[in-house]
Amino acid sequence: EAAVTQSPRNKVTVTGGNVTLSCRQTNSHNYMYWYRQDTGHGLRLIHYSYGAGNLQIGDVPDGYKATRTTQEDFFLLLELASPSQTSLYFCASSDEGALNQDTQYFGPGTRLLVL
Amino acid sequence: QQKVQQSPESLIVPEGAMTSLNCTFSDSASQYFAWYRQHSGKAPKALMSIFSNGEKEEGRFTIHLNKASLHFSLHIRDSQPSDSALYLCAVSPTGFASALTFGSGTKVIPCLP
Numbered sequence: 001e002a003a004v005t006q007s008p009r010n011k012v013t014v015t016g017g018n019v020t021l022s023c024r025q026t027n028s029h030n031y032m033y034w035y036r037q038d039t040g041h042g043l044r045l046i047h048y049s050y051g052a053g054n055l056q057i058g059d060v061p062d063g064y065k066a067t068r069t070t071q072e073d074f075f076l077l078l079e080l081a082s083p084s085q086t087s088l089y090f091c092a093s094s095d096e097g098a099l100n101q102d103t104q105y106f107g108p109g110t111r112l113l114v115l
Numbered sequence: 116q117q118k119v120q121q122s123p124e125s126l127i128v129p130e131g132a133m134t135s136l137n138c139t140f141s142d143s144a145s146q147y148f149a150w151y152r153q154h155s156g157k158a159p160k161a162l163m164s165i166f167s168n169g170e171k172e173e174g175r176f177t178i179h180l181n182k183a184s185l186h187f188s189l190h191i192r193d194s195q196p197s198d199s200a201l202y203l204c205a206v207s208p209t210g211f212a213s214a215l216t217f218g219s220g221t222k223v224i225p226c227l228p
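Listed in order, the protein sequences are those of chains A and E. The first sequence maps to residues 1 to 115 in the numbering used here. The second sequence maps to residues 116 to 228 in the numbering used here.
So that you can see chain E by itself, here it is in the shape it has in the complex (with noise of 0.2 Å):
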């Protein structure tokens, strides 16, 4: 079975700043890598894909997968006060979003520099 762990549990970020968020999983075979996003007492929400390995960017999130070492990243820079939530980190072994099994999230708390 799947197994996807997310670190840290929990990020202080100070505005304006760059953060790094990891999920790291254990099957090799896996095939889709996704981070979702919680705001407080709202559904989870697709944030970013991504299928190969490399990185891919869209505004201020980065997502960065490394298939051999079985990790993927999700980096925020520019922290504003909106990135308060919880990311959840998902893979699956085919190509859709099917079968994704989660991690347990990060929460990003951001604070004033």
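Chain A with its partners taken away, still in its complex shape (with noise of 0.2 Å):
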């Protein structure tokens, strides 16, 4: 099975802090997703890469940058974190093999908290 990792698994920030989630995946996958989850939302998405250095806007993209680096590593960045980006986090990888035969596989998560 698909192996996506997440650092860090909890983080603390205050208003106005930066933050830096990190997802690796090692599966050869060529898409990656940043999403966001919440009460009441279900999972909802920031951004998404389909390589290095392709970075595609989601449905949610205000506050948030990311960067693609490599095929494996795709990141997502909190400059001026603030309170309503209190949420937990999942990255996923997903590949466009064979047509109807497509998943999109998730990391653990990472929960943050901005006060």
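Careful, some of the hints might be misleading.
As the list claims (entries may be wrong) - With a straight-line Cα cutoff of 27 Å, these simulated BS3-like cross-link-like pairs (lysine-lysine) come out: (1) A:Lys-11 <-> E:Lys-160; (2) A:Lys-11 <-> A:Lys-65; (3) E:Lys-118 <-> E:Lys-182; (4) E:Lys-118 <-> E:Lys-157; (5) E:Lys-171 <-> E:Lys-222; (6) E:Lys-171 <-> E:Lys-160; (7) E:Lys-157 <-> A:Lys-65; (8) E:Lys-160 <-> A:Lys-65; (9) E:Lys-160 <-> E:Lys-182; (10) E:Lys-182 <-> A:Lys-65; (11) E:Lys-171 <-> E:Lys-182; (12) E:Lys-118 <-> E:Lys-222; (13) E:Lys-171 <-> E:Lys-118; (14) E:Lys-171 <-> E:Lys-157; (15) A:Lys-11 <-> E:Lys-157.
Simulated from the structure, these hints should not be mistaken for laboratory data.
Mind docking these for me? Both chains are given alone in their own frames, and the hints should help you get the complex.
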């Protein structure tokens, strides 16, 4: 099964702080995603990428930057964290292989608290 | 923008009973329909997916898709304590999982009969 790891698993910062969340996948998947999960909203897509150096805007990108440095590594940056960004963040990966045989594989999540 | 809505928000299900979770979507050109399951404190994990109208069964789980009604559902029979989880439906305009829009989830809570 696809392996996706995230670090840190928990993070506390203050309003205005600078935070970087890291994600690594070791399955040579082309696509990587950052989601946030809040009660009542399910998973909301922040940014995604289909390869090193590529970045695509998701549905809730405001206040977030992202960078895909290699095929394996995808980072989410909060340069001026706000309390509204307190959330559970998931990274995921997938590959457009055979049609109708695709799925996203999720990391364990990072819980971020902005005070 | 695709809108995906789930109902109900939560379900209490007696052990051994059957239950149904619903998902509606707004884009009639959608091609890929999936259910993900998320146990408490864990990552979401793909459960089942379907691409054409009709039903697909895997063990105690069945997906039913009706594209014309913009609706698909997940049926769980013989509910078990291990079914306790948040169930997320997801829809994509392509046949791939690279453009999924997720619903807000249905929390299934098993109980003793």
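Now the hints, each set against the structure:
1. A:Lys-11 <-> E:Lys-160: holds, 23 Å
2. A:Lys-11 <-> A:Lys-65: OK: A:Lys-11 and A:Lys-65 at ~17 Å, within 27 Å.
3. E:Lys-118 <-> E:Lys-182: Status holds; Cα separation ~14 Å.
4. E:Lys-118 <-> E:Lys-157: holds, 25 Å
5. E:Lys-171 <-> E:Lys-222: holds, 22 Å
6. E:Lys-171 <-> E:Lys-160: holds, 18 Å
7. E:Lys-157 <-> A:Lys-65: holds, 25 Å
8. E:Lys-160 <-> A:Lys-65: This hinted pair holds, its Cα atoms lying about 26 Å apart.
9. E:Lys-160 <-> E:Lys-182: holds, 24 Å
10. E:Lys-182 <-> A:Lys-65: violated, 36 Å
11. E:Lys-171 <-> E:Lys-182: holds, 14 Å
12. E:Lys-118 <-> E:Lys-222: holds, 19 Å
13. E:Lys-171 <-> E:Lys-118: Roughly 24 Å separates the two Cα atoms, so the pair holds.
14. E:Lys-171 <-> E:Lys-157: Holds, at roughly 26 Å.
15. A:Lys-11 <-> E:Lys-157: Within the cut-off at roughly 17 Å; holds.
In terms of the numbered hints stated before, the structure departs from hint 10 and from no other.
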